[in-house]
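Chains A and B, in that order, give the protein sequences.
So in the working numbering, spot 147 of the first sequence is number 356, and the numbers just go up one at a time.
So in the working numbering, spot 28 of the second sequence is number 186, and the numbers just go up one at a time.
Treat the hints as calculated values from the structure; they're not laboratory data.
For each residue, glycine too, the CB sits at the ideal point set by N, CA and C.
It is possible that some hints are incorrect.
Claimed, not checked - If you want the ones that stay clear, here's a sample from chain B, every Cβ over 10 Å from chain A, calculated: (1) P283; (2) T391; (3) T403.
Stated by the list, open to error - Subject to a maximum C-alpha distance of 25 Å in a straight line, what follows is the list of computed BS3-like cross-link-like pairs (lysine-lysine): (4) K359(A) to K309(B); (5) K309(B) to K321(B); (6) K543(A) to K321(B); (7) K309(B) to K243(B); (8) K339(B) to K321(B); (9) K339(B) to K309(B).
Below are the chains, spelled out letter by letter.
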Amino acid sequence: MIKGRPLIAVLALANLVAMSSAAAQDNERGRRLYDRWCAECHGAEGAGDGSAAAYMLPQPRDFTLGLYQIRTTGNGELPTDEDLARIIRLGMPGSAMPGWRTKFNDAEIADLVAYIKGFSRFFEQFGAPEPLDFGKPPRLTDAGLAEGRKFYEEIECWKCHGDAGRGDGPSAPTLQDDLDFPIRAADLTENWNYNGGGSVEDIYRRLRTGLDGSPMPAFSDLLDSGFMTDEQLWHVAQYVRSLSPAQTPVVREVVAARRIDGELPASPDDSAWNAINASFIPLVGQIIQEPRWFAPTVDGLWVRALHNDEELALRVDWHDPSQSPDPDWLDWQKWVAGTMAPAQDSSQAALLPDQLLVQFPVTIPTGRERPYFLFGDSRRPVYIWHWQSDPDRASENRATGLSTLKPLSAGAETLTSAAVWDRGEWRVQFRRRLASEDSTTLLEFRPGIAIPIAFFAWDGSNGESGTRAAVSSWYGIYLEQPTPASVYVSPVVALLLTAALGLMVVWRAQRREGALQSS
Amino acid sequence: MSERYSRFSIALAFLLSVFVAAGCGGGEQAEQAEEGAAADAGTPAQTAVVDQATAATVSGSVMFTGTAPEAESIDMSDEATCAEKYSTPKMTESVVVNGNGTLRNVFVYVKEGLGEMTFPVPTEPAVLDQAGCWYTPRVFGLQVGQDLLIKNSDGLLHNINAKATANRGFNISQPVVMETKRSFRTPEVMVRFECDVHGWMFAYAGVLTHPYYAVTGADGSFTLEPLPPGTYTIEAWHEVYGTQTQQITVGANESAEVSFTFAQPAA
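Chain A on its own, in the form it takes in the complex:
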């Protein structure tokens, strides 16, 4: 037995060596996959400087630093292979990194992981430790959420993420990552954009490990020091989760404008809005017309609408960490300009307002054709509501292409607006009469048909104006029609008819049974 052991050990070692040589050969496949699918963003040498990097914020990961945000290992430690594989499989929501699980199989992902690790000497030098033990979350309770909120304030999450979690804390404009690129404090109300996943478990892990390479620190030391318990940290995670909707919003093509009797809301915070469901409209950077824009602040709007046969009220909410113009964000603006293509003079920063634009066709199209979504063209002009934060006002305009916004003559002004700024959120309400005095310039809103509607948003503090905008495609707004009387009568008639038929069937069956028994 004893004599055999060295041989077994040596054979095992030989086997290992043979395996590592096989792994080295497979790495050739890892290299090929990397060069083909990853290098354009992450760079041929893994330094995060591929040709597409200038179009991305957050920037692609620089693998040479061995710094990874999403890990199951402690703060400052290297990720496990599984951590890296998970990111390749699932991507990094909120960034340009897509998930690759439908593209690569597990073996290919393992090769890529091995290849990517080779860019940093740290993996050979230190190696990754065992994953932390994260345990399980406590049951979700109101008391737990309240405690989570208490600690959210006490451990000062709000310093970066803001009181309402919208990424608008006082330190937000000063945040840079380890490579001095500007970085946003996460908007905690949009958990579908969390880099490492939006579940309570994901959030808890980020709190324990931090997001290495970013300003987000780890909070594990607070447990070690006895300042708070593990359960209390779980409550913070549960509270943060509660800031986002229970379900990721589903994008629908049409915004319904409910019809009400009587007065429309006077302001965006009017309680009449509370009963109205909001539709989520995603926005993306304007990347069609030069200069293009790859780093928009606003990634979506929540839209509500009401009408009373006389007037239409539209409320648009969106998150923007700055109430522009705000001099505190001038450095941020320079950093973004210095990072993003097209190259700009990054020393220039201007105090710009926030803006929102709601676009309609001038007349409701009869067929399926709609104006060009970027401000129409000369053949199909668009009718535009344009709101800006400073001075706070809205105007009606006509456009026949980008940068051709022309205010309608003062006499035609029928639009009013009211705006509220609240901790990283704009809520802007528009109201306009449905009828049009001049249907050649001013859209006439008609109930009972989906009217094309599109949105544009600008964050002045992010250096956005003109073509540097966040845009949506066309959606529809549908003004509900008055409910015809037949809607109330028909169900009653149907109910009565069904009951009568049923009784008849029963009656006939009983008669037949009686006849059979008597025979």
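We have chain A; now place chain B onto it with these hints.
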């Protein structure tokens, strides 16, 4: 026993053949692994005891020429607790020129010349305090493996973001009065500390395998002792002006002077 050894040598031969057969990549890896093993298992670390009878001293000062950039006042208005601690606004300290024309906060250390000597790791921790939304000290040294005690004396949120390149950095949160210990695994000049909550807070740590370092203070001087006699490369590092090196030889019981001069480039 002899049979066992002969079997072992056969196995070893087999193993070697596998190494050869493993081809280029595998072979390289194996070589590196062997090198690493040799380094780890090599001569046990000899803790150097500098012979006091022959110990030498290198000392000097760091001069400054030119016009230093003017310090700027720091806006702490978002952090009233800290702002209140200063009767006049806190000024930036990236360049501090002393009254005698010397430069403060220069990290001076032995860069080369100690060979394979190793030195005991101090049991006392190095201390980095956060008080008044300011790091104290701004520039300091510590040894590989020595504890760094990070203190939050402010009782408000600081994060300590240690941006290392040779070491693994870290980024930890201290939202209350508390202490945290960390250490570094490998030498690095310098590790930069930042607080992302307060963008004006910076500190720098020189991590070395030996205790021969000093940071210039109010008189701009430094002393490195007790050094074994020898020839050393002395480096002076400043956060704005970068590094300078000089070579110096000191004999037994000798004291040698080294002087550095940093200059503000003409505008």
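message: Would the hint linking K339(B) and K309(B) be met if the CA-CA limit is 25 Å?
response: Holds, at roughly 9 Å.
Hinted pair K309(B) and K243(B), Cα distance within 25 Å: holds (18 Å)
- prompt: Minimum Cβ separation between T391(B) and chain A greater than 10 Å?
  reply: Answer for T391(B): holds, closest chain A Cβ roughly 24 Å.
field: Outside-interface status for P283(B) - nearest CB in chain A farther than 10 Å
entry: holds (15 Å)
25 Å Cα cutoff - pair K543(A), K321(B): Holds: K543(A) and K321(B) sit about 23 Å apart, inside 25 Å.
message: Checking one constraint from the list: CA of K359(A) to CA of K309(B), max 25 Å. Satisfied?
response: Holds: K359(A) and K309(B) sit about 24 Å apart, inside 25 Å.
message: Checking one constraint from the list: CA of K339(B) to CA of K321(B), max 25 Å. Satisfied?
response: holds (16 Å)
query: Are the Cα atoms of K309(B) and K321(B) separated by 25 Å or less?
result: holds (18 Å)
Claimed clearance of chain A by T403(B), with the beta carbon kept past 10 Å: holds (25 Å)
Violated hints for the displayed structure: none, as all numbered hints are satisfied.
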